[in-house]
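The primary structure of each chain is shown beneath.
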Amino acid sequence: MYSINEVLETIRMVQEEKLDIRTITMGISLRDCADADHTKSCQKIYDKITKYAANLVKTGEEIEKEYGIPIINKRISVTPMSLVAESSDALNYTPFAMALDKAAKEVGVNFIGGFSALVHKGFTKGDRILLDSIPEALSTTERVCSSVNVGSTKDGINMDAVYRMGQIIKECAERTASQDGLACAKLVVFCNVPEDNPFMAGAFHGIGEPECVINVGVSGPGVVKNAVEKVKGSDFGTLAETVKKTAFKITRMGELVGRAAAAKLGVPFGIVDLSLAPTPAVGDSVAEVLEAMGLETCGTHGTTAALALLNDAVKKGGAMASSYVGGLSGAFIPLSEDAGMIRAAEQGILTLEKLEAMTCVCSVGLDMIAIPGDTTAETIAAIIADEMAIGMVNFKTTAVRIIPAPGKKVGDNVVFGGLLGHAPIIPVKAAKAVEFVSRGGRIPAPIQSLKN
Amino acid sequence: MLNQLKASPTGKRIIVTVIGQDRVGIIAKVATILAENQVNILDISQTILQEFFAMVLIADMENSTIELDLLKEKLNQLGQELGVKIEAQHEDVFRYMHRI
Chain A
1 MYSINEVLET IRMVQEEKLD IRTITMGISL RDCADADHTK SCQKIYDKIT KYAANLVKTG
61 EEIEKEYGIP IINKRISVTP MSLVAESSDA LNYTPFAMAL DKAAKEVGVN FIGGFSALVH
121 KGFTKGDRIL LDSIPEALST TERVCSSVNV GSTKDGINMD AVYRMGQIIK ECAERTASQD
181 GLACAKLVVF CNVPEDNPFM AGAFHGIGEP ECVINVGVSG PGVVKNAVEK VKGSDFGTLA
241 ETVKKTAFKI TRMGELVGRA AAAKLGVPFG IVDLSLAPTP AVGDSVAEVL EAMGLETCGT
301 HGTTAALALL NDAVKKGGAM ASSYVGGLSG AFIPLSEDAG MIRAAEQGIL TLEKLEAMTC
361 VCSVGLDMIA IPGDTTAETI AAIIADEMAI GMVNFKTTAV RIIPAPGKKV GDNVVFGGLL
421 GHAPIIPVKA AKAVEFVSRG GRIPAPIQSL KN
Chain B
1 MLNQLKASPT GKRIIVTVIG QDRVGIIAKV ATILAENQVN ILDISQTILQ EFFAMVLIAD
61 MENSTIELDL LKEKLNQLGQ ELGVKIEAQH EDVFRYMHRI
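Sequence lines, in order, name chains A and B. Per the UniProt record's numbering, residue 1 is the first one in the first sequence, and the count goes up by one each step. Per the UniProt record's numbering, residue 1 is the first one in the second sequence, and the count goes up by one each step.
Calculated from the structure, these hints are not laboratory results. Heads up, some of the hints might be wrong.
What the hints assert, rightly or not - Below 30 Å or equal to it, Euclidean Cα-Cα: the simulated DSBU-like pairs (lysine-lysine) are:
{"hint": "1", "chain 1": "A", "residue 1": "LYS125", "chain 2": "A", "residue 2": "LYS40"}
{"hint": "2", "chain 1": "B", "residue 1": "LYS74", "chain 2": "A", "residue 2": "LYS264"}
{"hint": "3", "chain 1": "A", "residue 1": "LYS18", "chain 2": "B", "residue 2": "LYS12"}
These numbers come from a predicted model, not from an experiment.
For reference, chain A alone in the conformation it holds in the complex (with noise of 0.2 Å):
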């Protein structure tokens, strides 16, 4: 018997704090894809997507009705693109980025993630055709969602690729300039890629993935946010243990949803990815827990303790909860999905330097940040510079997701709809590092590297 006070969480959890699964990602292997002949390639790829995905998203919704638990997106991640079109004879992988999204369209997936390279060490010549096709792949396609891996702790930053991934942004920006640069927000730079995040846009099916799996990604900002406020004026031993138990149930909540997907559709489950990943709506926002820990405003002195404590009590809670966490897990802090973090921004207490400060803390980095359109490729990179450099010396995982939003400028908005929210631009520093940047070459491994 259950007693009625956890009956009762649990219905406020699902009913007024907004828990949900974010998100069901199959991930598919298309190592055997591969073709001599790009067209051929590309109808593998179709043929496998449409035939491994087929129920997914029907499997998604019975799940939905079984358990009374809304899952907001079905997805699914492939193995990055430039592996799989590296053997054929084409010069641009745009066809192969159409063929993802056709497939998508046809399987009823609201994105598809894997148009992806991972280069931190140096190019292959598909890696660089895959970079190169990005623009128009991302502006021609709908649901395609690209990554690239620039950095790690190991191998340290390609800075080439670094200074060419902040041109791409800038291609991508203009040839989408009427949406405000859509292409950007589907267009992630990694260091320290994590190969089984659920997650778009970031998401792709690394190499060392079984032929199919089911990874799921939870998310409650909502439900923690309630259970912080329930401790107001407590010491932060109470206030870790409490958001600790918290991400221990939303968690169980994965593992059942996942487990139950994974046996409807016959694959192998994965990871749970427990993630606080806000959305554009009230009540669901990452950084309104940190306001409930105490701060007036998001991005005010204390964020970054603040934040680093819920991180690391969200990892406790899902380590306990699950043997198979994976992916991200802990807090995403995408400034135009998080209505608390816009109005943060707005006010102008929320700025670059603080997000920056905030993601050596938090599960990924700079995400979904508008800025002025304006801003040079060569700004871009250093921007990525940063950022990449914070997660090579910290073994963590970091991304940069920016949108130099064409002809917009600091004061004004853009607008993508939806779960990609609207932001504020928000300036950068108007000082060069072209020369630091277009020196060209890697970034040495970092000492830590040196460990085995």
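Take the given structure of chain A and dock chain B to it, following the hints.
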């Protein structure tokens, strides 16, 4: 791993909760809807929680043909008529969250 999954009990038990102002006939009407749909009541407990009437009911849908979401809709409708909030959810959700 898959065999393990199939072995785990995935019964069709649900938990129905009613929260709101107490009045005559709440239990009778909820029970009627469940009976009409061949849902067997296993356990009922109720209490007054912060001045609100709160009831938790565990029921078995094994012999029922109705889908959980349709049942939920019927219960929601009844809740609106009675001025209370009625929810129904699969037991596994509670089992996973609160019992290890």
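Hints the structure violates: just list their numbers, smallest first. When the structure is compared with the hints, none of them turns out to be violated.
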